[in-house]
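Enquirer: Chains as they are written, first to last, in UniProt numbering: chain H, 1 to 308; chain B, 1 to 251.
Hints in this document: simulated from the structure, not taken from any laboratory.
All residues carry an ideal CB built from backbone N, CA and C; glycine is no exception.
Some hints could be false.
In silico DSS-like cross-links for lysine-lysine, where the CA-CA straight-line distance does not exceed 30 Å [unchecked claim]:
#, chain 1, residue 1, chain 2, residue 2
1, H, Lys-137, B, Lys-249
2, H, Lys-195, H, Lys-207
3, B, Lys-138, B, Lys-244
4, H, Lys-8, H, Lys-137
5, H, Lys-137, B, Lys-138
6, B, Lys-164, B, Lys-138
Residues from chain B that keep clear of chain H, each with C-beta distances beyond 12 Å, as calculated [what the hints assert, rightly or not]:
#, residue
7, Leu-9
8, Leu-24
9, Thr-63
10, Leu-241
The chain contents come next:
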Amino acid sequence: MTGFRVLKGGILTLIQDIGRLGYQHLGVSRGGPLDAQSAYWANRLLDNEPSAAVLEITAGGFEVEAQSQTMVAVTGGDLNLTINGEPQAPWRSFWVRQGDRLKFGTPRYGFRAYLAVSGGFQTEPVLGSRATVARDKLGGVNGHGEAVREGDYLPCKHLTSEGIARQIPQRYLPQISQQITLHLIPGYQQHEFSKGTWQQLWNQEFKLDHQSNRQGARLQGKALPVPAGEFLSEGVSYGAVQVPPNGQPIIMLDDRQSLGGYPKLGNILPLDGFKLAQCAPGAVIRFQPIHLAAAQQQMRRYLRFFGL
Amino acid sequence: MKDGPEALLERPELTFTAAGVDALLMQFGRTMNPCLPDFLAQLRETILSDLSSVVLEVVPAYTTLLVYYEPRLVRIFDLEQALTQLSDATPWACTPWSGDPEKNESLIQVPVCYDRRVAPDLQAISEATGMSEDDIIKCHTDPIYQVYALGFAPGFAYLGEVPKPLQIPRLAEPRTHVPAGSVGIAGAQTAVYPDDSPGGWHLIGRSPFRWFDPQSTPMTPVQVGDRIRFYGIEYDEFEALWSKHHGEKPE
Chain H
1 MTGFRVLKGG ILTLIQDIGR LGYQHLGVSR GGPLDAQSAY WANRLLDNEP SAAVLEITAG
61 GFEVEAQSQT MVAVTGGDLN LTINGEPQAP WRSFWVRQGD RLKFGTPRYG FRAYLAVSGG
121 FQTEPVLGSR ATVARDKLGG VNGHGEAVRE GDYLPCKHLT SEGIARQIPQ RYLPQISQQI
181 TLHLIPGYQQ HEFSKGTWQQ LWNQEFKLDH QSNRQGARLQ GKALPVPAGE FLSEGVSYGA
241 VQVPPNGQPI IMLDDRQSLG GYPKLGNILP LDGFKLAQCA PGAVIRFQPI HLAAAQQQMR
301 RYLRFFGL
Chain B
1 MKDGPEALLE RPELTFTAAG VDALLMQFGR TMNPCLPDFL AQLRETILSD LSSVVLEVVP
61 AYTTLLVYYE PRLVRIFDLE QALTQLSDAT PWACTPWSGD PEKNESLIQV PVCYDRRVAP
121 DLQAISEATG MSEDDIIKCH TDPIYQVYAL GFAPGFAYLG EVPKPLQIPR LAEPRTHVPA
181 GSVGIAGAQT AVYPDDSPGG WHLIGRSPFR WFDPQSTPMT PVQVGDRIRF YGIEYDEFEA
241 LWSKHHGEKP E
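Same shape as in the complex, but just chain B (with noise of 0.2 Å):
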């Protein structure tokens, strides 16, 4: 990401290309930018109420939306005219969203347990970063983070940005089980791993939160556009707050 505050004040050129019979994608430069989420959440909105007659899916990720659309209903050259008059009248309001206290209602606050039972991977970040297990979790719950993609499984939401000094290259071996629930950091990313999968980020810690959820309403507690800040607890109020979400003591 280009730190520089010009970077913020423009929102980058929306090129279009084709991505198979029947999507097409919208990309908005090629860097991760902290205003493109929300904005992207905003157009994807918008092209799903105006464009309903052709458009049947909006697929938002760090600075792209794909577009699943009809083809028998609307000629690309048209479909890439109304979607370009949409993005711009969505407004770029590009005052760095940390700093603006009317969008601190939508911050979600996710407690997580940076606890070594649940953190297996504590050590190996210390060890990597020269940084106590103390000022890890303090570096991973100090910024507030950005939902710029829901992806990999569902409910998987990516997290930016972890801060530099943190900032460390996925595992060389990916495990083959990772429990539910547990948090990962990789390069500028941390995410919550919603459900047992196979994995190669370092585990940082474990929420006991429900990430995906088939049966309810919303199906994941975040969405792109969504801000979120992790705050430590300790391993038995882990446990107390996993049965409540869960119905069953964590694994």
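Chain H extracted, bound-state conformation (with noise of 0.2 Å):
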């Protein structure tokens, strides 16, 4: 067996892919790297599917040492990546020796960074993806929803020689910052919420708080006024933007449940929702209306860009 061993496990380090698709209706949720654009300029790098297993490295402390050598690509969040010591810049991919350490420390921007291998990381699929989702105990290194840890083995192909060296042109880097503005689509019960409520939306600045994870993004602020009334469970898509009795908004991520009963503004853009994942805790968010053809066509022109 070829691949990675892991020396230290880190703060979340977890496999993903493109996710569960088609079993939500069972309460199985998708999963999926949080920061898909930085996942899929992983893969890219290397000239994998964009379905292949990367690794998603959240705020640092992960080491492995090679077992074989390869292609890898870093890319994502700055986690001050160092190979046997010496500093790397990410948004590249490189050559990985047998023995080297690579070694992620804490971030310097961002708070994601994605670590793809040439064919991806070949872990045991569970109902069609790799995808690790804790919740569901499903996906991971060992098939029932782990974070990676110290010891674990991460099998991946061993390449006989050296691959093509590659980097990112500066203009197609992804900005990454600690204040961020979130389009919304509205949508779901937005007539349930007044036009106070709304003004208060556009206007006012949330923190994004330490309590978020990949099922939700929690933001505080002013508390939301909630709409009065008791709502159904319903499906919840991707992005959605639910308002709890506390009037603090939750944004839905790739490990949220398939269903949920609060009541929902709309959801974000997803290419926003990337830039989101790689907030810390404690980022500025602010919200800007979008519709609902503009923020298709700005979801065309990024799938077509990555033949998705």
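Build the complex from these two chains, which are given one at a time in their own frames, with help from the hints.
Expert: Right, here's the structure in full:
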């Protein structure tokens, strides 16, 4: 077997791929990389399929030793990567030899790094996907939704000859910032919220709460007035902004539960969700409206670019 | 839910609302309706087969279908029209199913052990409702439940409706650990926890079934539109059935 031996699991390191499709009606979450754009870039640098499994390294502290030789690519937030102690710039692919140690430190900018290997990590898929979803206990190294930890083995292909090292041109690099604006497509219970609530939403600042996770990004700010009445649970799509009784919005992300009953304002543009994935707790967040057609046009351009 | 028979005669009006760049929410009214699960299950199948080129996933719940589609292949206006047509063509056969003898074949009988050893809230439920433990068990095993939705966790089926006398709110403090198979009640709903998880429902018993297994086909014993009835079993039988389904003794 060839691959990487894990020396330190880090804060939260997960195997992710495009996610578990077609099981939400049974209550199974989709999963997938929170910053999908960075994950796709990592695979593209290696000419991998977009569905190849990558590592999502949150907040750093992760260290591996190569047990074989292969090409790897690193994208996303800059987590002060070193190889055998030498600092490395992200957003490029490079050759790794047997015995090389890759170490991700604390974030320099951004919050989540993506590590891809040639051909993708070859862990055992569950329900058609390798994506790790802790709350569903599915995917990951052992198939039961666990994060990567010390002593794990991450299998991948062994390459006989070195590939071409590539770098992403500066102008394509996504903006990573701790002050972002999320475009919101009004929907769901949009008419249940008052005009005043909408005005407040467009004008106020929120902070990303430290309780945020892959299920939902929790925001903190002046409480939004919540519509009266009970709502029956309904399917929750990516980026849904729900407002629970405390008036603090939660943006539902890739590990969201398939159903939810809190009133929802609408959904954020997924491209902005990727920026949100690079925000650390305390980041400043604002909202701005966008029409569905404009949002779909932006997504079309993005998907076409990655050949999805 | 409305109790009057006239509420069951007509299909609630269909409305659409956006749910992001690639999902559309079809909504049939806003109240629990025992005729809807069957209708939604049928409509879901039709959408998945007739619109398979543009629709990727359909998630049913109480009064809604969340339709995930490929926005590069269909305009929202055309999709809404196609979905309206399919919905209009789906029969609204609203005889209350519990009175329909032909439907009894799809009734799933589920054993539940109501022994205190696996029903930690039985006493609290008794105090809150004023019912004896025997009455509580009778009340819970009496109705035929509808599967209104699956969600919260893989294989977690929202069942309704719990008879009025047994309806009590969620726990003030959710438990951090509810063992797999636990049967909970909350308001008009009851459900079996498919796996160990946190949970805020009052626990009334425990089922020895496996409610979610990614290795088996089907992965869950129930789907939206199915019907369930619980029946009581003794603790010894529960242990034996649990070992049979799980290959080990219950926790």
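Enquirer: All the hints need checking, so say for each whether the structure fits it.
Expert: Results for each hint:
Taken as a hint, the Lys-137/H and Lys-249/B pair is honoured in the structure, with Cα atoms around 21 Å apart against an allowance of 30 Å. Between Lys-195/H and Lys-207/H the alpha-carbon distance is near 23 Å, which keeps this suggested pair within the 30 Å criterion. With a C-alpha separation of about 26 Å, the suggested pairing of Lys-138/B with Lys-244/B holds against the 30 Å cut-off. Of the pairs offered as hints, the one joining Lys-8/H and Lys-137/H holds, with about 22 Å between alpha carbons and a cut-off of 30 Å not exceeded.
Between Lys-137/H and Lys-138/B the alpha-carbon distance is near 35 Å, which puts this suggested pair outside the 30 Å criterion. This hinted pair checks out: Lys-164/B and Lys-138/B have alpha carbons roughly 13 Å apart, not beyond 30 Å. Interface exclusion of Leu-9/B from chain H stands, the closest Cβ pair being 21 Å apart, more than 12 Å. Distance to chain H contradicts Leu-24/B as a non-interface residue, since its nearest Cβ pair spans about 9 Å, not more than 12 Å.
A Cβ of chain H approaches the Cβ of Thr-63/B within 12 Å, the least distance being about 6 Å, so the stated non-interface status is violated. Every beta carbon of chain H lies more than 12 Å from that of Leu-241/B, the smallest distance being close to 23 Å; the non-interface claim holds.
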